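Turn these sequences into a full structure, and let the hints guide you.
Per our numbering: the sequence shown = residues 1 to 232.
Take these hints with a grain of salt, some might be off.
What the hints assert, rightly or not - Distance condition first, Cα-Cα at most 27 Å in a straight line; then the derived DSSO-like pairs of lysine-lysine:
#1 48 x 192
#2 19 x 55
#3 109 x 80
#4 164 x 48
#5 88 x 168
#6 168 x 139
#7 101 x 78
Unchecked claim - Beta-carbon label-pair distances, calculated as ranges:
#8 84 x 14: 39 to 49 Å
#9 37 x 11: 14 to 24 Å
#10 27 x 76: 23 to 33 Å
#11 72 x 93: 36 to 46 Å
#12 162 x 82: 45 to 55 Å
#13 28 x 94: 20 to 30 Å
#14 41 x 223: 19 to 29 Å
#15 151 x 205: 16 to 26 Å
#16 205 x 34: 40 to 50 Å
Please keep in mind that the hints were generated in silico from the structure rather than gathered at the bench.
Computed from a prediction, not measured in an experiment: that's the story for all the values here.
All C-beta atoms, glycine included, are put in the ideal place defined by N, C-alpha and C.
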Amino acid sequence: MGLFAKKSNKLVTPEERRKRNNEYIKKMNIACYENLPVIESSSNVKLKDLDVICKRAIACLLSIQLACDIEEQQDYEKSKSMFSNVLKPFGVENDLLENEKKLFDNKYKKQDVINVIWTYECYWSLVWALGLIEDNEIKVPKDVCNCKKAITLVGNCKNFEEFKKKTKMRNIEEILDLLDLYYRYHWACVEKRINPNTNIGVLDPEVVWERRKGLEWLISDIYDWNKISLDT
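This is the structure in structure tokens:
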């Protein structure tokens, strides 16, 4: 079942998407800016290649595990060696982002570790797009993702091809539906910082930020998601 209980691949206009998401947000008692700009139509965007998305998800997840070990003050060399060896059978040793490389090169700062750990939520957006988690696990960002499940999605696979075979890429309309929704969630969270009386309901602003970043990355021509603008 699609995000909004629709199976059709019929093109949805940006205005229709905005109207539907605005109505949903208001039902959740979240501040809604009715005239927040629309996002692009599916006819004007292109999803990244499936292999690229799969490799980013895997490289991200493995980097997060190293970051978690560093944060928990585990033996660095042992952890680095273990996760470096896992990168290779998945063929993603050359797919690390700049801040992820810093972890494996032992050139990181504390903030790099924190930032990489938070990308659990970017990863969650990717595995949703890959059809590996359900709509109800991402639609309302009130809690951090299910980290145990996040790990097993890759951990239960021996190599890249095994992971890729489990995926079933969602169509562009579903992805834009969720991206548009998160764009509006994000506006409310930003407005909350400006005006503390703004109602954001159950939303966790950090989770919203990171998941939106992952969703934006899917349709961006930028590879490093840390360089994607998240304007509201």
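Right, here's what the structure says about each hint:
no. : hint                  : result
1   : 48 x 192              : violated (32 Å)
2   : 19 x 55               : violated (34 Å)
3   : 109 x 80              : holds (16 Å)
4   : 164 x 48              : holds (14 Å)
5   : 88 x 168              : holds (24 Å)
6   : 168 x 139             : holds (18 Å)
7   : 101 x 78              : holds (17 Å)
8   : 84 x 14: 39 to 49 Å   : holds (43 Å)
9   : 37 x 11: 14 to 24 Å   : holds (19 Å)
10  : 27 x 76: 23 to 33 Å   : violated (48 Å)
11  : 72 x 93: 36 to 46 Å   : violated (24 Å)
12  : 162 x 82: 45 to 55 Å  : violated (19 Å)
13  : 28 x 94: 20 to 30 Å   : violated (42 Å)
14  : 41 x 223: 19 to 29 Å  : holds (23 Å)
15  : 151 x 205: 16 to 26 Å : holds (24 Å)
16  : 205 x 34: 40 to 50 Å  : violated (21 Å)
Of the numbered hints listed earlier, those contradicted by the structure are 1, 2, 10, 11, 12, 13 and 16.
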